[in-house]
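Enquirer: Sequence:
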Amino acid sequence: MLKGSDGEPLWPSGIVGSLSHCPSLCVAAVASAERIRAVGVDVDDSDGLSDGIMRFVFSSEELASLRMATSVERRAAFCAKEAASKALSALDGTGDFRKVSVSLKTDGTFAAVRRDVALRSQWRFYDRLVSA
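Sequential numbering from 1 applies to the sequence shown in my numbering.
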């Protein structure tokens, strides 16, 4: 697999995909570009996110909505933001996660919005692993 200038994977023609890894798992999501425009995936098995990471990644509005969230929900929001940013970057090269706003739903779905695009997808928690 070749890498682009920002370290992103360069997929073969006709393929879209996304990679993610954490200490306990590596994942790849791939699809035909004829059926799917972009894919984003992220996984996390950490014990939690530091306050510094939270302030760097999330807007003040997102932080307010996550104030009462569990550690798993905060990690899920982080994964959702990363996954959405990867998909948006594949669409137009502008996947800055600080410009993406995420909102978790209790049914295991999330919405990710950037001023010009809205995405919906799923997040899951398995044992210690969070994925989006």
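It is worth saying that the hints were derived from the structure and are not from the lab.
Note that CB positions come from ideal geometry on N, CA and C, so glycine has one too.
Take the hints with a grain of salt, since some may be wrong.
[Unchecked claim] Computed beta-carbon distance windows for the label pairs:
| id | residue 1 | residue 2 | range |
| --- | --- | --- | --- |
| 1 | Ser32 | Glu8 | 17 to 25 Å |
| 2 | Ser65 | Ser32 | 17 to 25 Å |
| 3 | Val113 | Val27 | 23 to 31 Å |
Enquirer: Compare the structure with each hint and give your call.
Expert: Verification of the supplied hints:
1. Ser32 x Glu8: 17 to 25 Å: Holds, since Ser32 and Glu8 (Cβ atoms, about 19 Å apart) stay within the stated range.
2. Ser65 x Ser32: 17 to 25 Å: Once the Cβ atoms are compared, 36 Å apart, the range 17 to 25 Å for Ser32 and Ser65 is violated.
3. Val113 x Val27: 23 to 31 Å: holds (24 Å)
Hint 2 from the list above is the single one not met by this structure.
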